[in-house]
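Sequence lines, in order, name chains L and B. Last residue of the first sequence: 134 (our numbering), numbering continuous. Last residue of the second sequence: 610 (our numbering), numbering continuous.
To be clear, the hints were calculated from the coordinates, so they are not data collected in a lab. A hint or two may mislead.
Claimed, not checked - Lysine-lysine pairs mimicking BS3-like chemistry, simulated, CA-CA at most 25 Å apart:
id, chain 1, residue 1, chain 2, residue 2
1, B, K353, L, K2
2, L, K2, B, K367
3, L, K(-2), B, K353
4, B, K353, B, K365
5, L, K2, B, K365
6, B, K518, L, K128
7, L, K95, B, K518
8, L, K125, B, K518
9, B, K369, L, K25
10, L, K128, B, K436
To be verified - Far from chain B by the CB rule (all over 10 Å, computed), these chain L residues:
id, residue
11, E63
12, K67
13, E75
Don't be surprised by glycine CBs; every beta carbon is placed ideally from N, CA and C.
Spelled out from the first residue to the last, the chains are:
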Amino acid sequence: MIINLNINGSNIKVEVKEDEYLSETLRNNGCKSVKRGCDKSTCGACTVLVDGIPVLSCSYFSHRAEGKSITTLEGVIEEAEKLGEHIINEGADQCGFCTPSLALTTISMKRELGNPTEEDIKHYINGNLCRCTGYEAQMKGIKKYLEVE
Amino acid sequence: MIRIRNLNKPKTMEEAWEIYSNKNKAKLIAGGAFLRLSTDLYIGEAVDLFDLNLNGIKETEDAFTVGAMTTLRQLETDSALNSWFDNYFAAALKNIVGVQLRNIATIGGTVYPRYGFSDLITALLALDVDLQFYKSGRISLEDYMEKGLLEKDILVEIIIKKNINNASFKMMRNSKGDYAILNCGVSCIHGKYRIAIGGRPGRAVLATDAMEILNAAEKIDEDIIGKACNAAAELAYGTNIFGSGQYRSAMSKVLLKRGIREVLGNDN
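Pulled out of the complex, with its shape left as it was, chain L reads as follows:
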């Protein structure tokens, strides 16, 4: 089936299978920041924003995105770079596999909550698993990013 998507501001028509998930569609259309991690609704590495709301693209059927605006990290690169600096400065990137989704979730949190508390941050990024950092360094980076922004 053909669906209409707005990916990072560009309108495109895409042919998708009936059982295709958004992560696959996005990666097939050049959005390589969308990672295939667990592919089981668990790790958060495939996070994208659908009409501004963070979802797991590995569990979101592509056909449901008809007419919706999809934002991946490629669409918020300027903001992500600012956060990225703090993440790097705190040594929180390491392998980097989960960093795009962490950045997108953090940006979404900032938009939704404005000025989150430490508890809010922990709660909001809870769905982004990281096997390298132990989360402390990520927390420091995110807090510094939110303080300076």
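Chain B: place on chain L using the hints.
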């Protein structure tokens, strides 16, 4: 891997019912998040409920009506609902995986299959909740949990009545985002206590003996609470990778005691 041979995207409930009732092996798709956990699933005829406009929370004078396709995140963050129930739903839902999953998983997709691991079902069962089905009409959640349905049907909405004095939700899990090892909801409805225990790991049930002890007592003191907790520990608890039945039974006393105290404390 999930394979769908034929995807139906009905726009109306009549259309959805027509397909679902006439095709033997048709499967309903609500949020679709749980499908992802299947290692190999073939669906010949899928009926996607996404376009049925079953998404939303409406408040009336005596209840909140929640559409079956409302996401867990909507329930967690709805200000009117959480204000009325003193953040009971936010507490019950906030540890389910992550925000991104809760923006996909739906209340209907959780309640309809009666998942044993569900925090939401336990939270709802402790309240006065009815389910509205398309063909079977209105059924209490308690009946549905006990007996299920005789014939296939589509869940349209759930009705959460605004008749509680207080409610408390407690759970324990190894880490945030993991499945609950055990969960427990306690409420006081017009002076009568209601207790639901889930993640046993079987489906959530009412702890009727414990409720009777509390409701028969003239004054609820620590002795009565202890007796109610002992009664709740006698429910059937099973063993899985998260914990043994014996462990769950012991922990049920702890969670329930905290829940009852919280409800009583709020009463004061």
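Agreement of L/K2 and B/K365 with the hint, judged by alpha carbon distance not exceeding 25 Å: Status holds; Cα separation ~22 Å.
Does L/K128 sit within 25 Å of B/K518, going by the straight-line distance between their CA atoms? holds (20 Å)
Non-interface claim for L/E63, where every Cβ of chain B lies beyond 10 Å: holds (23 Å)
Within 25 Å, alpha carbon to alpha carbon, are B/K353 and L/K2? Holds, because 20 Å separates the two Cα atoms, which is no more than 25 Å.
Tell me if the straight-line CA distance from L/K128 to B/K436 falls inside 25 Å. holds (21 Å)
L/E75 and chain B, when compared Cβ to Cβ, separated by more than 10 Å: At roughly 21 Å from the nearest Cβ of chain B, L/E75 sits farther out than 10 Å, so the non-interface label holds.
Does the alpha-carbon distance linking L/K2 and B/K367 stay inside the 25 Å limit? holds (21 Å)
Hint check: B/K369 vs L/K25, CA-CA at most 25 Å. Holds or violated? holds (20 Å)
Are the Cα positions of L/K95 and B/K518 separated by 25 Å at most? Measuring from Cα to Cα gives roughly 21 Å; hence the hint holds.
Would the hint linking L/K125 and B/K518 be met if the CA-CA limit is 25 Å? It holds: about 19 Å lies between the C-alpha atoms, which stays within 25 Å.
Given the hint that L/K(-2) pairs with B/K353, test it: the Cα-Cα distance must not exceed 25 Å. holds (22 Å)
Looking at L/K67 again, its CB stays over 10 Å from all of chain B? holds (21 Å)
In summary, this structure violates none of the numbered hints.
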